[in-house]
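**Q** Here is how the chains run, residue by residue.
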Amino acid sequence: GAGVSQTPSNKVTEKGKYVELRCDPISGHTALYWYRQSLGQGPEFLIYFQGTGAADDSGLPNDRFFAVRPEGSVSTLKIQRTERGDSAVYLCASRDAAGGRRTGELFFGEGSRLTVL
Amino acid sequence: QKEVEQDPGPLSVPEGAIVSLNCTYSNSAFQYFMWYRQYSRKGPELLMYTYSSGNKEDGRFTAQVDKSSKYISLFIRDSQPSDSATYLCAMSGTGGFKTIFGAGTRLFVKA
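Protein chains in written order, with the working numbering: chain P, 331 to 447; chain F, 25 to 135.
Hint data in this document are derived by calculation from the structure and do not stem from the laboratory. Treat each hint with caution, since some may be false.
[Claimed, not checked] Here are the simulated lysine-lysine pairs, DSS-like style, with alpha carbons at most 27 Å apart:
1. F/LYS80 - F/LYS66
2. F/LYS122 - P/LYS408
3. P/LYS408 - F/LYS66
4. F/LYS94 - F/LYS80
5. F/LYS91 - F/LYS26
6. P/LYS341 - P/LYS408
7. F/LYS94 - F/LYS134
8. P/LYS408 - P/LYS345
9. F/LYS94 - P/LYS341
[Claimed, not checked] Okay, the calculated beta carbon distance ranges per label pair:
10. F/LYS80 - P/SER339: 41 to 51 Å
11. P/GLN371 - F/SER93: 44 to 54 Å
12. P/ASP426 - F/ARG101: 22 to 32 Å
13. F/SER64 - P/ARG414: 21 to 31 Å
14. F/GLU39 - P/LYS345: 39 to 49 Å
Since this is a predicted model, take the numbers as computed values, not measurements. For each residue, glycine too, the CB sits at the ideal point set by N, CA and C.
Based on the sequences and whatever the hints tell you, model everything.
**A** Written out as structure tokens, the structure is:
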């Protein structure tokens, strides 16, 4: 499809397990963002990539969280030693930042709903 | 104090009412101001986008930005049941467009 694709849509895991969440952005979008949204809250910024590099990872809550985007397209958010407090919807968004486009519109996927038991 | 403050509601109005939603913020570096709409179990979608201060109108929707007061608003005229959703204000500075969201206001429009 033409939109941002996130897999899995739902993930249930046990406390202490390792989890990977995948994001496939809109083709050609050079900027990619990860957000976390808890119930009744707005999206909380985690990290954003410009190309392959993490331009701002100030929102990652601790060193259990890590994200990569090795080829400048697909990104994976990795969570080690999951805790119950990590339960949330993890949203990915992409933005067309090529050619100096000065637009801030983010295109979101439908999210990966993570439940840690 | 959060960078962006938004009353989470819920806000319930009858069909046809004018809806007023607003946010305040503390970071004077914000230059881009947006409203996203989010339906249940979906990702947010951009509704309105404004650069710096001023008003912008698009159909039944009007966005206002007052940078001197650090206050932004979204007005919905002739509200419809299909407008029932969560409305998120969002803002960013220049550069990489790290976008900060408000908590979202849940709106219910009753037929």
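**Q** Give a verdict on every hint.
**A** The hints, checked one at a time:
1. F/LYS80 - F/LYS66: holds, 26 Å
2. F/LYS122 - P/LYS408: holds, 20 Å
3. P/LYS408 - F/LYS66: holds, 22 Å
4. F/LYS94 - F/LYS80: holds, 17 Å
5. F/LYS91 - F/LYS26: holds, 17 Å
6. P/LYS341 - P/LYS408: holds, 13 Å
7. F/LYS94 - F/LYS134: Violated: F/LYS94 and F/LYS134 sit about 31 Å apart, past 27 Å.
8. P/LYS408 - P/LYS345: Within the cut-off at roughly 15 Å; holds.
9. F/LYS94 - P/LYS341: violated, 39 Å
10. F/LYS80 - P/SER339: 41 to 51 Å: violated, 34 Å
11. P/GLN371 - F/SER93: 44 to 54 Å: Since the Cβ atoms of P/GLN371 and F/SER93 sit about 25 Å apart, the hinted range of 44 to 54 Å is violated.
12. P/ASP426 - F/ARG101: 22 to 32 Å: Check passed, 31 Å falls within 22 to 32 Å.
13. F/SER64 - P/ARG414: 21 to 31 Å: holds, 23 Å
14. F/GLU39 - P/LYS345: 39 to 49 Å: Check passed, 46 Å falls within 39 to 49 Å.
Violated hints, listed in ascending order, are 7, 9, 10, 11; each of the other numbered hints is respected by the structure.
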